[in-house]
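Asker: In my numbering, the protein residues as written are 39 to 612.
Possibly wrong hints are sitting among the right ones.
Claimed, not checked - Below, in silico cross-link-like pairs of lysine to aspartate or glutamate (EDC-like), each with a Cα-Cα straight-line distance of 16 Å or less:
#1 258 x 191
#2 170 x 59
#3 316 x 347
#4 243 x 293
#5 133 x 46
#6 447 x 508
#7 433 x 450
#8 185 x 270
#9 258 x 302
#10 170 x 221
#11 416 x 430
#12 406 x 436
#13 258 x 403
#14 369 x 403
#15 416 x 436
#16 414 x 470
#17 319 x 339
#18 369 x 330
#19 433 x 470
#20 319 x 357
#21 416 x 159
#22 301 x 357
#23 298 x 270
#24 440 x 512
#25 243 x 339
#26 406 x 159
#27 172 x 55
#28 416 x 470
#29 215 x 201
#30 215 x 231
#31 290 x 302
#32 185 x 201
#33 406 x 450
#34 447 x 357
#35 170 x 46
#36 172 x 216
Don't read these hints as lab results, they were simulated from the structure. Treat the numbers as computed from the prediction; the structure is a model and nothing was measured.
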Amino acid sequence: MLTDIRLDALSSAHQLENLKETVNKMRSEMLSLKQDNDRLQRLVANKSLTSSHSSLPLRNSSESLEKRLSASEHSGPPSIAESYLNEPRNDQDGKLVNVSVYLGFHGDSSMFQKQNTNLSEILIGNISISSKTKWDLLDNLVKRSFKYVLRVDPVSNLGLNAESIVNYHIGEIVRAKDADAPELLPCGYVVGDNMHIRLVLKGTKQHSVDALAFESLIPKAIVQRYITLLTDHRRIILCGPSGTGKTYVAQKLAEYLVLKNGKELVAGAIATFSVDHKSAKELRQYLSNVAEQCETSNVSDLPTVIILDNLHHVGSLGEVFNGFLSAKYQKCPYIIGTMNQATCSTTNLQLHHNFRWVLCANHMEPVKGFLGRYLKRKLIEEEVRGGIRNAEIAKVIDWMPKVWHHLNKYLETHSSSDVTIGPRLFLSSPIDLSSSQVWFTDLWNYSIVPYVLEAVREGLQLYGRRAPWEDPAEWVFETYPWPIHGNTEPQLLRLRPEDVGYEGHPGPSIGSKNHLTNNSNNEADPLLNMLMRLQEAASYSSPHSNDSDSTSMDSHGSSLHSDELMGSGLESTL
39 MLTDIRLDAL
49 SSAHQLENLK
59 ETVNKMRSEM
69 LSLKQDNDRL
79 QRLVANKSLT
89 SSHSSLPLRN
99 SSESLEKRLS
109 ASEHSGPPSI
119 AESYLNEPRN
129 DQDGKLVNVS
139 VYLGFHGDSS
149 MFQKQNTNLS
159 EILIGNISIS
169 SKTKWDLLDN
179 LVKRSFKYVL
189 RVDPVSNLGL
199 NAESIVNYHI
209 GEIVRAKDAD
219 APELLPCGYV
229 VGDNMHIRLV
239 LKGTKQHSVD
249 ALAFESLIPK
259 AIVQRYITLL
269 TDHRRIILCG
279 PSGTGKTYVA
289 QKLAEYLVLK
299 NGKELVAGAI
309 ATFSVDHKSA
319 KELRQYLSNV
329 AEQCETSNVS
339 DLPTVIILDN
349 LHHVGSLGEV
359 FNGFLSAKYQ
369 KCPYIIGTMN
379 QATCSTTNLQ
389 LHHNFRWVLC
399 ANHMEPVKGF
409 LGRYLKRKLI
419 EEEVRGGIRN
429 AEIAKVIDWM
439 PKVWHHLNKY
449 LETHSSSDVT
459 IGPRLFLSSP
469 IDLSSSQVWF
479 TDLWNYSIVP
489 YVLEAVREGL
499 QLYGRRAPWE
509 DPAEWVFETY
519 PWPIHGNTEP
529 QLLRLRPEDV
539 GYEGHPGPSI
549 GSKNHLTNNS
559 NNEADPLLNM
569 LMRLQEAASY
579 SSPHSNDSDS
589 TSMDSHGSSL
599 HSDELMGSGL
609 ESTL
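Start from the sequences, fold in the hints, and give me the full structure.
Answerer: As structure tokens, this is what we get:
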């Protein structure tokens, strides 16, 4: 708040100087006008033949005053909104410069030379730089542009502010706080391909996690807690449903730890072991080899961080980690594991004194607000590139997290939190009105509806009826953000109670071709109806596993389920 007050004070002082200059100009113009008026009166009194020409200085003076006043109205700094978007400005000399934030630098500007050919950055806005823009004003505008984080995360602004900026690059100049002003004004460095300002945020060099919070879109306080757990205990397990970004978070934490330990992000600094049902033996052998190397003095060849992905595939984690836990604690690499939520409570591990568990649930941060933050970042980047704001697509982007939370609430009501949908399914939403509508229709009809039907059916079998039936599609129809032409309803499938067996008779399986269509013909045909009941009986007679992998989402959001596959096979056999 103090920084914002100082920035506003600096801006106000600059505007006050402009006003003073304008007042002085007005006084000189008024004096000139008065002199012209006196001369006119003398000429009229003397009835001079040149009186008609004496009005020319008056007109010229008036036009000059009007032009100067008009120019002074636009000489102040641009508004905060202008720092986001490419809006037309009246300053003819101004150059529009994009503002972005470097990713992966973590406060180290020297990485600019090392990675100059492979830069990764996020657009956050743009600034108009004129021939009159001075360095102190540009510093102010750059800090204002970072209020971008308030738009991405209105709740906590990711815990970041203008003090998170270490420096910014403009052309060949690296401008840091309290640095001496370069020889030329900023406009002298904004030439050719250098129409860009790039910010570097605090990171490992400053013993801060600001850059990591900005890149991962996880609030700073939560990121700091993860790093503290790893620094103190060196071993954590990220636990949560599929699609909540556990692997992504593990990778970003691993990159930060490598840089924090003074090493470079090269091949071998981070080792990733993706576990499946057949690789438990290989994992045990790999960890035993690592433990043996930790016992020797030559530990430089070991990776700094080991990521163990999908640990829920391992039958007994206790056996896998037994040999590894005897190694010297401080010499071992950092261990970051990921595990699906369903196995978190059932796995009997005697490792709690070594591992720290981090829950990544859809109903709590950082997962809860990640989708909204991610889509808003995409929206702002598109707005900066295009130079315009589209209120309709902004409405769609605000709606996406709401429909995601509504679906998860529905799944928790009729089943459990283990089957809730992660935000990954919605991250690929296009930032275009018509494209996003087509994308959501396909996602709803071919991914969400089949998955929800199967999850609710299992929930009814395991927990019974815990709430009155309600079609989640009704809420989607009521809040549909895209414009509807005429009386045409959106082409979205609805969910009926008979589709999940809610009315006392089990509905058709997901593998059935007719499970979402009118099944009046099925009911009229006793033989076909009997076959459908036999199919459902066979499906329900299969044992239900508590393993979270029995219901999962693939990389495209498709629903895969063992009952579905068995039902489809039985149908083809019949």
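Asker: Given the proposed pairing of residue 433 with residue 450, does the C-alpha separation stay at or below 16 Å?
Answerer: violated (26 Å)
Asker: Please work out if residue 369 and residue 403 have their alpha carbons no farther apart than 16 Å.
Answerer: violated (32 Å)
Asker: CA of residue 440 to CA of residue 512, is that 16 Å or under?
Answerer: holds (14 Å)
Asker: Between residue 301 and residue 357, is the straight-line Cα distance small enough, at 16 Å or below?
Answerer: violated (32 Å)
Asker: Against the 16 Å threshold, does the CA-CA distance of residue 433 and residue 470 hold or violate the hint?
Answerer: Measuring from Cα to Cα gives roughly 11 Å; hence the hint holds.
Asker: Taken at face value, is the distance from the CA of residue 330 to the CA of residue 369 at most 16 Å?
Answerer: holds (11 Å)
Asker: Is the hinted pair residue 416 and residue 436 satisfied, with a Cα-Cα distance of at most 16 Å?
Answerer: holds (12 Å)
Asker: Regarding the pair residue 416 and residue 470, is the alpha-carbon distance no greater than 16 Å?
Answerer: With Cα atoms ~11 Å apart, residue 416 and residue 470 stay inside 16 Å; holds.
Asker: Is residue 447 within 16 Å of residue 357, Cα to Cα?
Answerer: violated (37 Å)
Asker: So if I understand the rule, the pair passes when the alpha-carbon distance is 16 Å or less; does residue 243 with residue 293 pass?
Answerer: holds (14 Å)
Asker: Hey, residue 258 versus residue 302, does the alpha-carbon distance stay inside 16 Å?
Answerer: Roughly 23 Å separates the two Cα atoms, so the pair is violated.
Asker: Taking only the CA atoms, is the gap from residue 215 to residue 201 under or equal to 16 Å?
Answerer: holds (10 Å)
Violated hints for the displayed structure, listed by number in ascending order: 5, 7, 8, 9, 14, 17, 22, 25, 26, 30, 34, 35.
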